[in-house]
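Number of protein chains: 2
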Amino acid sequence: MPEPAEPHADKPSHEQLLFRLLTEIGIINQLAETAFERVLPHGLTRAQFTVLNHSVRMGDNKTPAQLAAVLQVTRGTMTSTLARLQEKGFIRIEPDAVDGRSKRVLLTPQGKAAREESMRAAFPFLEQATGAIPRDMVERMLPQIELVRAWLDQNRLE
Amino acid sequence: MPEPAEPHADKPSHEQLLFRLLTEIGIINQLAETAFERVLPHGLTRAQFTVLNHSVRMGDNKTPAQLAAVLQVTRGTMTSTLARLQEKGFIRIEPDAVDGRSKRVLLTPQGKAAREESMRAAFPFLEQATGAIPRDMVERMLPQIELVRAWLDQNRLE
DNA sequence: TGACAAAGGTTTGGTATCAAACCAATATGG
DNA sequence: CCATATTGGTTTGATACCAAACCTTTGTCA
Numbered sequence: 001m002p003e004p005a006e007p008h009a010d011k012p013s014h015e016q017l018l019f020r021l022l023t024e025i026g027i028i029n030q031l032a033e034t035a036f037e038r039v040l041p042h043g044l045t046r047a048q049f050t051v052l053n054h055s056v057r058m059g060d061n062k063t064p065a066q067l068a069a070v071l072q073v074t075r076g077t078m079t080s081t082l083a084r085l086q087e088k089g090f091i092r093i094e095p096d097a098v099d100g101r102s103k104r105v106l107l108t109p110q111g112k113a114a115r116e117e118s119m120r121a122a123f124p125f126l127e128q129a130t131g132a133i134p135r136d137m138v139e140r141m142l143p144q145i146e147l148v149r150a151w152l153d154q155n156r157l158e
Numbered sequence: 001m002p003e004p005a006e007p008h009a010d011k012p013s014h015e016q017l018l019f020r021l022l023t024e025i026g027i028i029n030q031l032a033e034t035a036f037e038r039v040l041p042h043g044l045t046r047a048q049f050t051v052l053n054h055s056v057r058m059g060d061n062k063t064p065a066q067l068a069a070v071l072q073v074t075r076g077t078m079t080s081t082l083a084r085l086q087e088k089g090f091i092r093i094e095p096d097a098v099d100g101r102s103k104r105v106l107l108t109p110q111g112k113a114a115r116e117e118s119m120r121a122a123f124p125f126l127e128q129a130t131g132a133i134p135r136d137m138v139e140r141m142l143p144q145i146e147l148v149r150a151w152l153d154q155n156r157l158e
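Chains U and C, in that order, give the protein sequences. In terms of the numbering used here, the first sequence has 23 at position 23, counting the first letter as 1, and numbering is strictly consecutive. In terms of the numbering used here, the second sequence has 5 at position 5, counting the first letter as 1, and numbering is strictly consecutive.
By construction, these hints were calculated from the structure, which means they are not laboratory data. Where hints are given, some of them may not hold.
As the list claims (entries may be wrong) - Computed cross-link-like contacts, DSS-like style, restricted to lysine-lysine with a CA-CA straight-line distance of at most 27 Å:
# : chain 1 : residue 1 : chain 2 : residue 2
1 : U       : Lys112    : C       : Lys103
2 : C       : Lys88     : C       : Lys62
3 : C       : Lys112    : U       : Lys11
To be verified - What follows is a list of derived Cβ distance ranges for each label pair:
# : chain 1 : residue 1 : chain 2 : residue 2 : range
4 : C       : Ala97     : U       : Ala121    : 45 to 53 Å
5 : C       : Ala132    : U       : Arg140    : 41 to 49 Å
6 : U       : Ala113    : C       : Ala121    : 40 to 48 Å
7 : C       : Pro95     : U       : Leu147    : 36 to 44 Å
8 : U       : Thr79     : C       : Arg20     : 35 to 43 Å
9 : U       : Gln154    : C       : Thr23     : 34 to 42 Å
Cβ atoms here follow ideal geometry from the backbone N, Cα and C, with glycine treated the same way.
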């Protein structure tokens, strides 16, 4: 995300503060994503891991369109990510029994194992971070961050 | 949210909370970035705007390596972004007078204008968001978020 | 039932991003 | 002063991502 709007007015506007918040969030995301992908096994990317993780946590047998919607990417992007997961043997894609347009995304045992392996690989990094970022701070931040996310989610321009 | 593999029934671990925080941040970034790029003029991307904005705020005449370091991208990425800004006529790139390896990135008047235009284009979106995200909440979040960013920044694996 | 709209998925073209390999220029140390 | 290390920048190859165009299938409704 971009940087704060103005140099430093004495009293930054509400909008400027929000801009700065989004900027910080952008940098955090970039740093976290890079660090995370460094430790992921099997050449998994964050996007690929996210699909595996979601399938384990919320159940598989979802359609690509459902996955795209919940993971906030376009269907075209999901097509590409699923293709790579399939090449790696971590998911199976089958036609939907009732809707001729749809497909179903199913985890393979290897996919489930790769997800577990990824969790283990990420743990040391997270553990190290918990040393510097107190638990109660994370607990305070979560609901606030979720509010911001919810707003963006509801107000995105289709 | 059912979570077969993890013992989530009781209290999520510090690490799990942090993971969730980073996940939310990733989604926010994606939504904010997409919304932002929608309104940017001249086909500017977030990355390109960030370079223009930084040059206005912190002064231009920086080297590509300096820009890459402060904006948290690789030098290769910066090479590409600068090339596109130059094609659009928003920056000039000149050789460094003293260091034969370096170059200098200079804003053109058109670049400065494009940055102002971008700020104006982004404002309605921010203004709308401020209605849903109270100022005091943003003010509380900022220092916390900055702490997380600072930790990630210091602990990124070179 | 037939025309049209909506939804699922894919493809294409363009940008961003990283890692890694590479070259040129400068800095360092013996 | 020369060999080596470091730094600045570029290039390549891969993935992610979006928007837009496209085709197929399903849903709507007159």
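Comparing the hints with the structure gives:
A hinted pair counts as satisfied when its Cα atoms are at most 27 Å apart, and U/Lys112 with C/Lys103 does not qualify at roughly 49 Å. Between C/Lys88 and C/Lys62 the alpha-carbon distance is near 19 Å, which keeps this suggested pair within the 27 Å criterion. Between the alpha carbons of C/Lys112 and U/Lys11 the distance comes to roughly 24 Å, so the proposed pair stays at or under 27 Å and holds. One distance hint, 45 to 53 Å for the beta-carbon pair C/Ala97 and U/Ala121, holds here, with the actual separation near 47 Å.
Under the hint 41 to 49 Å, the C-beta atoms of C/Ala132 and U/Arg140, about 19 Å apart, miss the expected range. The given range of 40 to 48 Å is respected by U/Ala113 and C/Ala121, whose C-beta atoms sit roughly 47 Å from each other. The hinted range of 36 to 44 Å is not satisfied by C/Pro95 and U/Leu147, whose Cβ atoms lie roughly 49 Å apart. For the hinted restraint 35 to 43 Å between U/Thr79 and C/Arg20, the CB-CB distance of approximately 27 Å leaves it violated.
Taking 34 to 42 Å as the suggested C-beta distance range, the pair U/Gln154 and C/Thr23 does not conform, at roughly 18 Å.
Comparing the model with each earlier hint shows violations of hints 1, 5, 7, 8 and 9; every other hint is respected.
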